[in-house]
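Chains as they are written, first to last, in our numbering: chain A, 1 to 136; chain B, 1 to 377.
Calculated directly from the structure, the hints in this document are not laboratory data. Do not take every clue at face value.
What the hints assert, rightly or not - A partial selection of chain B residues facing chain A, derived with a Cβ cut-off under 8 Å: (1) F204; (2) N225; (3) S226; (4) L248; (5) P249; (6) N369; (7) Y370.
Quantities reported herein were computed from a predicted structural model and do not represent experimental measurements. No residue lacks a Cβ here, since even glycine has one placed at the ideal position from N, Cα and C.
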Amino acid sequence: MMAGAEKFVEADNAEAIITRIEHKSRKIESLLKQNKPVEALKTALEGSPPMTRDERCKSANWIVVHRALMAIKDVEGMFSSLDPEYYDILMKYLYRGLSTGDRPTCDQCLRIHEKLTERAGLGCILRSLADTVNTV
Amino acid sequence: MAAVAVHQFAQCITCHAWSPDHSMVAFCPNNNEVHIYKLLEDKWEKVHVLQKHDQIVSGIDWSRRSNRIVTVSHDRNSYVWNQEGPEWVPTLVILRLNRAALCVQWSPNENKFAVGSGAKTVCICYYEQENNWWVSKLIRKKHDSSVTSVAWHPNNILLATTSTDGKCRVFSTFIKGVDTRESKTGSSSDSKFGEQIVQLDLSFSWAFGVKWSPSGNTLAYVGHNSMIYFVDDVGPSPLAQNVAFRNLPLRDVLFFSEKMVIGVGFDCTPMVFAADESGIWSFIRFLGERKASSSGPKYGSQFSEAFGKLYGQSKHGLSNDTVEPSRIRGAIHENCINCIVPLRKEGFRTKRFSTSGLDGKVVIWDLENYEDLSDYV
Chain A
1 MMAGAEKFVE ADNAEAIITR IEHKSRKIES LLKQNKPVEA LKTALEGSPP MTRDERCKSA
61 NWIVVHRALM AIKDVEGMFS SLDPEYYDIL MKYLYRGLST GDRPTCDQCL RIHEKLTERA
121 GLGCILRSLA DTVNTV
Chain B
1 MAAVAVHQFA QCITCHAWSP DHSMVAFCPN NNEVHIYKLL EDKWEKVHVL QKHDQIVSGI
61 DWSRRSNRIV TVSHDRNSYV WNQEGPEWVP TLVILRLNRA ALCVQWSPNE NKFAVGSGAK
121 TVCICYYEQE NNWWVSKLIR KKHDSSVTSV AWHPNNILLA TTSTDGKCRV FSTFIKGVDT
181 RESKTGSSSD SKFGEQIVQL DLSFSWAFGV KWSPSGNTLA YVGHNSMIYF VDDVGPSPLA
241 QNVAFRNLPL RDVLFFSEKM VIGVGFDCTP MVFAADESGI WSFIRFLGER KASSSGPKYG
301 SQFSEAFGKL YGQSKHGLSN DTVEPSRIRG AIHENCINCI VPLRKEGFRT KRFSTSGLDG
361 KVVIWDLENY EDLSDYV
C-alpha cells in the first residue's frame, strides 16, 4: 500500500532481476511456440516494471515485453482475455515502444494504443504519463 | 435534471463561496477582485466588488455563522472582510509567505482559518483579541512542494493537506488560548501545534482536493493520475483504497454523505463515487446529460484534437470523426471544474451543491430526484 522509494532495489540486486527476466523470456518463447500470444504478454507484464532504477534491468524487461507485444496479431481478441489489471502497465510499455521510433514497433503500439484507450479511457494514459517513479 | 441553475458570471472563475443564507455568491473572475452577486427579483446583480488584492485571488471562504469572508491571493496576502453597514471592510492578515497563497478554509468553529501556499507551508491564522489582529502561525518544513488544498476535521483541530509532492498529510493545529483541551478527541489529544499525525504516500503525482467525511472518519483526496484515494482510520495505521477511473483527473472533491463523494475536474462533468455495504468505494456515474462514452474513440475533451491528429497520421488510422472541437457535447460545464461547494444550511439537510470552473459558470446541482443515488445520500 505504502508504495515508495523503499521498494526499489539497488544495483547489487540487478543480477537477480536479470536472472528473473531471463527465466521469463524462456517462458514467453515457449508460450509463443504453443501459439498463446496473450498468455505470453501477461507473463511479460507480470512483475513489471522491475522495481529498480537500473537501466540494464529496464531494457532487459522491455526486450521481453516487446517480443510478446509484437507477437499479438488479433488486438480485439487479446483484449477479450486480458484483465483490466494489466491495462496501466501495458500503456506504459506502449509509450516506451512509441519512443523507440522504430516503424513496425510504432505501428503495432499505435494499433494496441487505440484499442486500449477505448477500453481503459484517458485516465489510463494519465496514470502512465503522471507516474514518474515506476518508469519502465 | 441535475443542474437546477447555470449562471455565466464571468470568462473564468478561480473559486467561489456562498453567503450563509445562499442569497449571495462571491467569486473571483480570474483577476485581483472578488465580485459579490445577489439574487434581486429573479436576477443576479453585482452588489459589491472587493478590491484590495494585487494579484489573482486563489481562495475565498465565507463563514456560515460569523458572516465573514476570507480571501487569499497570489500576492501572498490574506484579507478578512467584515460587513459593516453596506460596506465590506477588509483587515489585512500578514501570512509571512514568500510565495503565492493557494487555498483557504475557515475551521468548523470559525475561530481559525488555514491557508495553503506555494511556499511549502500552511498558515493557521487566528484572531488575537487584545491586539485586534489576525496572527498567522506557520507549519513549515513538512511539505516538499506547494500545498494545493486544505481541509478541516470536524473537531476543529486536525487539518488535512494535499501537496504537489503527491502526499496527503494530517496535522494537529492546536493553539493554546484558542482551542480548549475538551475540544480534542481520541488519539490527537496530546499532539502539539504543527505535529504531523500521518503522511499518506499513495499518489505518484500531484495531489489536489482533500476533504473529510461529515463525521471525520474518512478522508478523500485526488491525484493528477486519474485516481481518487479514500482513507479510513486516519492515524498510525490508516486503511487506504485507491480507485482508478477512465477519465481525466479530478481537481476537487466533496463528501455528500459518509458513503458518497462527488468529484469534479478536467472531465468537466461531476463524477459520483460511493461505498457499498462492505465499504468498498467505486465510481457510480456522471451527473448531467453526458453519458459514459463506451463507444468508439470519441473523447469529449481538450485531448480530442490531439487524438485526431495522432490517429489521423497513423497508417491504420480511422475515419476523420475522431477530430472534434474541444467542447464537451451536452455537458453543462465547458471547461475544467476546479471548485465544488456544498449548499448546506444550519440544521437543515439539503441535497444541493455548486460548482465553478474555467468556463466562468457557477452551476447549482440538486440530487433530490436521483433515485439510484438515494441509497448513498
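(message) Flag every earlier hint the structure violates by its number, smallest first.
(response) 6, 7
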